[in-house]
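*Asks:* Spelled out from the first residue to the last, the chains are:
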Amino acid sequence: MRGQPLLSTVIHREKMAAAPVMMPYFGQQISSKSDLVPDWTRQEVSTGTTIMAVEYDGGVVIGADSRTTTGAYIANRVTDKLTRIHNKIYCCRSGSAADTQAIAEIVAYQLGFHSIELDEPPLVETAANLFRASCYRYREELTAGILVAGWDKRKGGQVYSVPIGGMLVRQPVSVGGSGSTYIYGFMDANYKPGMNKEQCMELTAAALSLAMERDGSSGGVVRLASISEEGVERRVILGNQLPKFSTH
Amino acid sequence: MEKHCTDSRVKGVSTGTTILAAIFDGGVVIGSDSRASMGGEYVSSKTINKVIQVHDRIFCCMAGSLADAQAVIKAAKFHLSFHSVQMESPPQVIAAASVLKDLCYKNKDELQAGFLTAGWDKKNGPQVYVVSLGGMLISQQVTIGGSGSTYIYGYVDAKYKPNMTKEECLQFATNALALAMGRDNVSGGVAHLVVITEKGVEHVVVPGDKLPKFHDE
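Chains A and B are the protein sequences, given in the same order.
In terms of the working numbering, the first sequence is residues 1 to 248.
In terms of the working numbering, the second sequence is residues 1001 to 1217.
Here are the simulated lysine-lysine pairs, DSS-like style, with alpha carbons at most 27 Å apart: (1) A/K192 <-> A/K244; (2) A/K197 <-> B/K1213; (3) B/K1166 <-> A/K244; (4) B/K1074 <-> B/K1123; (5) A/K192 <-> B/K1161; (6) B/K1210 <-> A/K192; (7) B/K1166 <-> B/K1122; (8) A/K153 <-> A/K192; (9) A/K197 <-> A/K155; (10) B/K1123 <-> B/K1199; (11) B/K1122 <-> B/K1074; (12) A/K197 <-> A/K153; (13) B/K1166 <-> B/K1199; (14) A/K244 <-> B/K1161; (15) B/K1166 <-> B/K1123; (16) A/K192 <-> B/K1213; (17) B/K1122 <-> B/K1161; (18) B/K1122 <-> B/K1199.
Think of the hints as simulated: they come from the structure by calculation, not from any bench.
Pulled out of the complex, with its shape left as it was, chain A reads as follows (with noise of 0.2 Å):
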């Protein structure tokens, strides 16, 4: 693989983090030592964080919040997550910021050559595949779990879900990252296929603030963007600006 130089740098840090978090669990333990001392002052960068992925007729709306940290600590607060692969395809980033980062400009490299050798825009489905392959082949030292979603002339719009283990799957709507177990059950009850993109584009803030509410490693602003024939519209929608419920 072309990428490969990039990767095995990535490979030995990720074994060297990986390995304190890492325990084995043997039956049931009243207290233990990882009790008394926080998991978070283990913890490496993480874009511990809630992404998500919406399809509709003509093009996809996917969002994502800004926070990244380093165990307790908010590295990043404005953080974009939302991350350019081509003209009409990006990609939504969790789990590990270090590992994203990489597998996105390989990804990326890789689409962008094949683009030109096929002189034509590249497939979501080709990128989705690109970053499975990758996912796949290393997700022994990779922690990633990544969104594709764009738009191209043979499918229209298009989710494509990479989970850690390099899965793929595509999916009409996907969330993704730690805070998105708190919404599992917003957006089962409140998506329906048919949606227009005003209404994803509604549907997406809504869930992502809920789950920044949350999520202690989710928070900051809601990067939204909409990708279509027409191109991208990318928005953000500030802290005092979020859609507001009733908290009780």
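We have chain A; now place chain B onto it with these hints.
*Replies:* Frame of chain A; chain B shown alone:
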């Protein structure tokens, strides 16, 4: 990739379950799923009732180790009925919650059990209390617990409104439990709900096939 698993081993012990309690105008709804499973691989019971009555108008849901929770509730029932005889009146909901809290706090090194307590009493009307694993006691309008609860935090935050009617609250609780059961593999079965008001107690059981379905089912 254990560090990114959200299963109970990494989060801390929480029973494979979903429990919920919510206050509405004039009463309170408390409910749970009905699945008991062993390690997420085998469902040992499809119809277990996790909503336990501790007094006429006070019910509890347990979270954490089932064995610990059952032992604590047995002791609490005794203390509560004794207290009620001494006071010559039905116990307050906060009394039930405090009894549970005392047991959990004083034995915190040996126990891994948390509770939702919901009920109605004459002095303060409908109330919901949460006793967490270490023995903290707080009062809330709506609360969820168990492994399946993580999936419905967003839904509950968005959908719960104070002063709903009984029907709205029942629908809200049923939806929330159905959504959690749809995503959590160790929650499932039927939805057991109990509605407690001044007038009395009403049990509602929603079997699996009558639970609301959502877009991908």
